[in-house]
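According to my numbering, the sequence shown is numbered sequentially starting from 74.
Keep in mind that the hints were calculated from the coordinates and are not lab data. There could be a bad hint or two in this list.
As the list claims (entries may be wrong) - Below, computed lysine-lysine pairings styled on DSSO-like, alpha-carbon distance capped at 30 Å:
{"hint": "1", "residue 1": "143", "residue 2": "130"}
{"hint": "2", "residue 1": "115", "residue 2": "78"}
{"hint": "3", "residue 1": "89", "residue 2": "115"}
{"hint": "4", "residue 1": "96", "residue 2": "84"}
{"hint": "5", "residue 1": "143", "residue 2": "96"}
{"hint": "6", "residue 1": "136", "residue 2": "115"}
{"hint": "7", "residue 1": "101", "residue 2": "130"}
{"hint": "8", "residue 1": "84", "residue 2": "101"}
{"hint": "9", "residue 1": "136", "residue 2": "96"}
{"hint": "10", "residue 1": "101", "residue 2": "115"}
{"hint": "11", "residue 1": "78", "residue 2": "143"}
{"hint": "12", "residue 1": "136", "residue 2": "101"}
{"hint": "13", "residue 1": "84", "residue 2": "143"}
{"hint": "14", "residue 1": "101", "residue 2": "89"}
{"hint": "15", "residue 1": "130", "residue 2": "78"}
{"hint": "16", "residue 1": "115", "residue 2": "96"}
{"hint": "17", "residue 1": "78", "residue 2": "101"}
{"hint": "18", "residue 1": "130", "residue 2": "96"}
{"hint": "19", "residue 1": "84", "residue 2": "115"}
{"hint": "20", "residue 1": "136", "residue 2": "78"}
{"hint": "21", "residue 1": "84", "residue 2": "130"}
{"hint": "22", "residue 1": "89", "residue 2": "78"}
{"hint": "23", "residue 1": "143", "residue 2": "89"}
{"hint": "24", "residue 1": "101", "residue 2": "143"}
{"hint": "25", "residue 1": "89", "residue 2": "130"}
{"hint": "26", "residue 1": "115", "residue 2": "143"}
{"hint": "27", "residue 1": "84", "residue 2": "136"}
{"hint": "28", "residue 1": "96", "residue 2": "78"}
This one's a predicted model, so the numbers in the text were calculated from it and none came from an experiment.
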Amino acid sequence: MELIKMRGIEKYFGGKLLFTFDKLTVFKNDIIGVVGLNGSGKTTLLEIINNDIAPDKGNVEVKGDISYYKQFGQYHESVDSWQLKEFRSSSTISEGWFSGGEKTRLRLAETFSKSSSILLVLADTLPQVFLKNMLNRE
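Sequences and hints are given; from them, build the entire structure.
Listed below in structure tokens is the structure:
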């Protein structure tokens, strides 16, 4: 089953071609890594797939729900305690209660707890073992 289909994609940044490709098809259960230098368009590609930005040329079809984890992304500023029993036991938890590591774990928990058919992860520093364990979830 095809989940993502991209055809004739071009994306420019500052008048210069950032990337181009003829076609990309992602099927259910595919695991794909995007590797490149800083500024090569990895984030832009994921944002195109997530429909945050549009390609300058080409078309994108996404069939299914997307969960998108950005290493430096945002999370809900107030979370019910039943969602985060291991962090605090109060009825609501505000952003000020969390350390940087706890904020990262919170955003990861939010992303991975969704029952999406497509998981996009943008993170340079997450341990490979952690990502492998999360990708093996049912």
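So, going through the hints one by one against the coordinates:
As the CA atoms of residue 143 and residue 130 are separated by approximately 25 Å, the hinted pair is consistent with the 30 Å bound. For the proposed pair residue 115 and residue 78, the alpha carbon gap of about 17 Å is at most 30 Å, so the pair holds. The suggested pairing of residue 89 with residue 115 holds, with an alpha-carbon distance near 16 Å, which does not exceed 30 Å. The straight-line distance between the Cα atoms of residue 96 and residue 84 is roughly 14 Å, inside the 30 Å bound, and the hint therefore holds.
Among the hinted pairs, residue 143 with residue 96 is consistent with the structure: their alpha-carbon atoms are about 24 Å apart, no more than 30 Å. Our distance criterion of 30 Å between C-alpha atoms is met by residue 136 and residue 115, whose separation comes to about 21 Å. For the proposed pair residue 101 and residue 130, the alpha carbon gap of about 25 Å is at most 30 Å, so the pair holds. Of the supplied pair hints, the one linking residue 84 and residue 101 holds, its CA atoms being roughly 26 Å apart against a limit of 30 Å.
Restraint check for residue 136 and residue 96: satisfied, since their Cα atoms lie roughly 16 Å apart, inside the 30 Å limit. Of the supplied pair hints, the one linking residue 101 and residue 115 holds, its CA atoms being roughly 21 Å apart against a limit of 30 Å. Our distance criterion of 30 Å between C-alpha atoms is met by residue 78 and residue 143, whose separation comes to about 22 Å. For the proposed pair residue 136 and residue 101, the alpha carbon gap of about 10 Å is at most 30 Å, so the pair holds.
Of the pairs offered as hints, the one joining residue 84 and residue 143 holds, with about 20 Å between alpha carbons and a cut-off of 30 Å not exceeded. Using a Cα cut-off of 30 Å, the hinted pair residue 101 and residue 89 is violated, with the two alpha carbons roughly 33 Å apart. Proposed proximity of residue 130 and residue 78 is supported: the alpha carbons are some 14 Å apart, at most 30 Å. With a C-alpha separation of about 16 Å, the suggested pair residue 115 and residue 96 falls inside the 30 Å cut-off, and the hint holds.
The hinted pair formed by residue 78 and residue 101 meets the criterion: a straight-line CA distance of about 12 Å does not exceed 30 Å. Between residue 130 and residue 96 the CA atoms are separated by roughly 12 Å; this keeps the pair inside 30 Å, and the hint holds. For the proposed pair residue 84 and residue 115, the alpha carbon gap of about 11 Å is at most 30 Å, so the pair holds. Between residue 136 and residue 78, the direct Cα distance comes to roughly 9 Å. Compliance with the 30 Å bound is thereby established for this hinted pair.
Taken as a hint, the residue 84 and residue 130 pair is honoured in the structure, with Cα atoms around 7 Å apart against an allowance of 30 Å. Of the pairs offered as hints, the one joining residue 89 and residue 78 holds, with about 24 Å between alpha carbons and a cut-off of 30 Å not exceeded. A threshold of 30 Å between alpha carbons decides the hint, and for residue 143 with residue 89 the separation of about 25 Å falls inside it, so the pair holds. Simply put, residue 101 and residue 143 have alpha-carbon atoms about 22 Å apart, close enough for the 30 Å limit, and the pair holds.
A threshold of 30 Å between alpha carbons decides the hint, and for residue 89 with residue 130 the separation of about 14 Å falls inside it, so the pair holds. In summary, the hint linking residue 115 to residue 143 is supported, as the alpha carbons are separated by about 12 Å, within the 30 Å threshold. Note on residue 84 and residue 136: the hinted pairing holds, with a Cα-Cα distance of about 22 Å set against a maximum of 30 Å. For the proposed pair residue 96 and residue 78, the alpha carbon gap of about 7 Å is at most 30 Å, so the pair holds.
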